[in-house]
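Hey, can you work out the whole structure from these sequences and the hints?
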Amino acid sequence: MDGKEVAVKRLFLNTRQWADQFFNEVDLISQVRHKNLVKLLGCSMNGPESLLVYEYYFNKSLDLFLFGTSHRGNLTWDLRVDIIQGIAEGLSYLHEESEIRIIHRDIKASNILLDDKLKPKITDFGLARAFGEDVTHLTTGVAGTLGYMAPEYIVHGHLTEKADVFSYGVLVLEIVTGKRCSNSNGSHGGQVLLTKVWKQYKDNRVEMIVDRSIYEDSIRDEIMHILQIGLLCTQANPDDRPTMGKVVELLRNHRNALEIVLSDPPFLNVDAVEDIKEGEHSRLLSSNSAPSLSGSSRSYLSGR
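1 is the number of the first residue of the sequence shown in full-length UniProt numbering; add one for each residue after it.
Quick caveat, the hints were computed from the structure, so don't treat them as lab data.
Beta carbons: idealized from backbone N, C-alpha and C, even for Gly.
Any given hint could be a false lead.
Said to hold, decoys possible - Listed next, with one range per pair, are the computed distances between beta-carbon atoms:
no., residue 1, residue 2, range
1, Gly141, Thr76, 32 to 42 Å
2, Phe23, Glu55, 32 to 42 Å
3, Glu49, Asp78, 36 to 46 Å
4, Leu258, Asp217, 15 to 25 Å
This is the structure in structure tokens:
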């Protein structure tokens with residue numbers, strides 16, 4: 001395209017599922033414009049495969065920078081905060097500011113691309129859902145990545161914007177700690193990550209969980225502030241999670257620890273997922289080997 005390097009996503013439309021994802025992605029991404037969303041340049045449906053043409057980002061994904069050995073040192077604390085802010089602004093736009101309300105459903109590190117200035121771009125709208133103005137929630141087949149999925153969504157298929165908020169909170173904790181919420185070896189990394197972050201947060205020992213390559217005593221309050229936002233977004237009760245607009249406000253207007261009371265994050269026993277009706281397991285369209293998170297107890301948030 002005029003000599004410009006582009007990224008091409010190839011989809012073989014040999015199943016109804018992949019065809020639906022292709023048309024869904026084209027329909028939704030073509031209607032939104034924001035500095036923190038990837039830009040669709042074109043598409044093609046000639047031949048046995050369909051192509052989506054996007055802007056190309058040399059730095060590729062946040063996943064590579066967080067967990068790849070060669071890039072990890074490039075993410076300073078200030079850059080991580082900027083990335084956290086940018087993702088929040090992109091999601092706030094999708095939920096509250098665009099002409100159509102969109103829930104992404106698969107927010108994770110590998111779906112965040114980084115441009116040449118390491119500014120984040122949310123990508124992969126194949127699983128996204130649009131909401132009408134008068135719709136409060138959808139009950140739908142579960143799709144997304146285990147470890148990032150909200151407990152009320154994975155168990156009941158109850159989908160609201162708060163499912164994206166939960167995924168965002170998990171991603172924030174990954175960015176701060178430099179640790180994956182899911183492990184490729186099949187162990188339940190997401191539950192381990194939330195457990196560790198919560199324990200060190202309660203013990204006021206955030207230096208024990210933060211990525212060692214970025215920790216300094218001088219930014220301890222800022223780190224605590226961002227961790228609080230991550231934990232707030234992963235509260236068990238979706239009503240206790242903030243909107244993404246509120247998250248943007250918290251990130252912009254505060255740099256110190258918040259005066260809030262947080263409840264234990266949700267821990268969904270892995271056996272609970274096994275108890276979901278067998279037919280519903282096929283609804284999980286993509287997953288990493290991560291734990292499901294749930295809590296048997298409700299959580300409540302109040303100000304002090």
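Honestly, do Phe23 and Glu55 meet the 32 to 42 Å range at C-beta?
violated (21 Å)
(Q) I want to verify a distance hint. Is the separation of the beta carbons of Leu258 and Asp217 within 15 to 25 Å? (A) At roughly 20 Å between Cβ atoms, Asp217 and Leu258 fall inside 15 to 25 Å, so the hint holds.
Regarding Glu49 and Asp78, is the given constraint of 36 to 46 Å on their beta-carbon distance met?
-> holds (41 Å)
Is the distance from the Cβ of Gly141 to the Cβ of Thr76 consistent with 32 to 42 Å?
holds (40 Å)
Hint check: a violation occurs at hint 2 only; the rest are consistent with the structure.
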